[in-house]
Amino acid sequence: MLMLINLRSSIHNCAFVTVLVFTTVVALGACGAGLLGALTGLGGGVVIVPLLVGLLGVDIHYAMGASLVSVIATSSGAAAAYVREGYSNVRLGMLLEVGTTIGALCGATLAAHVPASGLAIVFGCVLLYSAYLSRPHPMSDVHPTKPDRIARALQLDSTFPTPAGPVAYHVARVPAGFALMYGAGVLSGLLGIGSGAVKVLALDRAMQLPFKVSTTTSNFMIGVTAAASAGVYLHRGFIDPALAMPVVLGVLLGSTIGARVLAKAKTARLRTLFAFVIVALAIEMLYNGFTGRVGG
Amino acid sequence: MQVAERDHEAFEVLLGHVLRAGVVLAAIVVAAGGAIFLARHAGESPAYSTFRGEPGDLRSIAGIVSEARTLSGRGVIQLGLLLLIATPIARVFFALVGFGREKNWMYVGISAIVLALLAYSLAGG
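Chain order of the listed sequences is A and B. 89 is the number that our numbering gives to position 89 of the first sequence; each next residue is one higher, with no gaps. 37 is the number that our numbering gives to position 37 of the second sequence; each next residue is one higher, with no gaps.
Here chain A stands alone, though its shape is the one from the complex (with noise of 0.2 Å):
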């Protein structure tokens, strides 16, 4: 039932690390995660993980079950921010929250099962990927302007504030956008990520949203994929109280701190930054994975 993994543990080798050491280097770890994550709008979860596992030897189910607690908590942090804009679709993320919520399921109860080695390398992938939507591209800018017949009858057509009032908008290929939300939701609770990234993908390239309300409509939609992995992380025993509490609380500061110099920080080079650091955590997840470094 319990998978037994000898991972390699350089930090726990050394005597002077102590457990408050060893948390306040972890709180420090997760609160620049947080503030990247915030400032670069990529979140900081996806980095979490391999800072945990790569640096300080911890096993890779309980930095999954730390990271996604910090995601829950992110998400639920910014929630109140985005809801008062009024840009988030609560319908349409309603419908796709029941895709990602049974992918997370599917995708949580698949973590269990597969080796730690087999996790790092899709981490390392993802993390690849990552990288490769974080480079300055241009948003989709084709707009359906024709009432698509499913999202009629499922009333997803929306409108979203502008200076100059409302602006009614159309949701196309909803199909498509719930078979990637499941992607989406089994990603999240296989890695313990928020896979923000795939459901922005998701909400603007395959539903052709206008891009503010893809973004917030994601947030809205990550926390509640993230509980649902969170149960079954909870039941097996992946969730340790004494890590998760410097990450969760160290990811919380720095996105806290990252929103208020939100509007004065040059994000562009600082996005560039940040793909340097996931590829170079990517290739490290990999040569890990690969060398069985993970454990079994």
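FYI, nobody ran anything at the bench for these hints, they're computed from the structure. Among the clues, some could well be false.
As the list claims (entries may be wrong) - Straight-line Cα separation of at most 30 Å, DSBU-like style, residue types lysine-lysine; simulated pairs:
{"no.": "1", "chain 1": "B", "residue 1": "Lys103", "chain 2": "A", "residue 2": "Lys146"}
{"no.": "2", "chain 1": "A", "residue 1": "Lys212", "chain 2": "A", "residue 2": "Lys146"}
{"no.": "3", "chain 1": "B", "residue 1": "Lys103", "chain 2": "A", "residue 2": "Lys212"}
What the hints assert, rightly or not - For the chain A half of the interface with chain B, some residues (derived, Cβ under 7 Å), not all of them:
{"no.": "4", "residue": "Phe22"}
{"no.": "5", "residue": "Thr24"}
{"no.": "6", "residue": "Gly57"}
{"no.": "7", "residue": "Ser76"}
{"no.": "8", "residue": "Met94"}
{"no.": "9", "residue": "Leu105"}
{"no.": "10", "residue": "Asp148"}
{"no.": "11", "residue": "Ala172"}
{"no.": "12", "residue": "Gly223"}
{"no.": "13", "residue": "Ala228"}
{"no.": "14", "residue": "Ala230"}
{"no.": "15", "residue": "Gly237"}
{"no.": "16", "residue": "Met245"}
{"no.": "17", "residue": "Ile257"}
{"no.": "18", "residue": "Val261"}
Glycine residues also receive a C-beta, built at the ideal position from the N, C-alpha and C atoms.
Go by the hints and put chain B onto chain A.
Only chain B this time, still in chain A's reference frame:
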């Protein structure tokens, strides 16, 4: 129509505040548990390199509540994390209530499906 729209918006804004309050409350409980934990275990060696899984007491809602009552650091932190997990679930519940107020039964049903999936996961999936 416009009054209904404005009413809906006010409801959404209220929800945003409820969510943020949930996160703040959870963070306070986690921090309090963390303080208890560190006060007792600061000098020990951390052991996360091998996955053993959490003890049974910290895996179920009932177990976590009874652990937290004894004011064990780990139990209190886990209770805070449980509150954190509960916030998006509360969001879905309130959205269901909002759809009910609009008499939008299709979306009351869809919200109920999501809520059922979340409950299934938390109850032991």
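- Violated hints - listed by number, lowest first: Going through the list in order, the structure violates hints 5, 10, 11, 17, 18 and respects the others.
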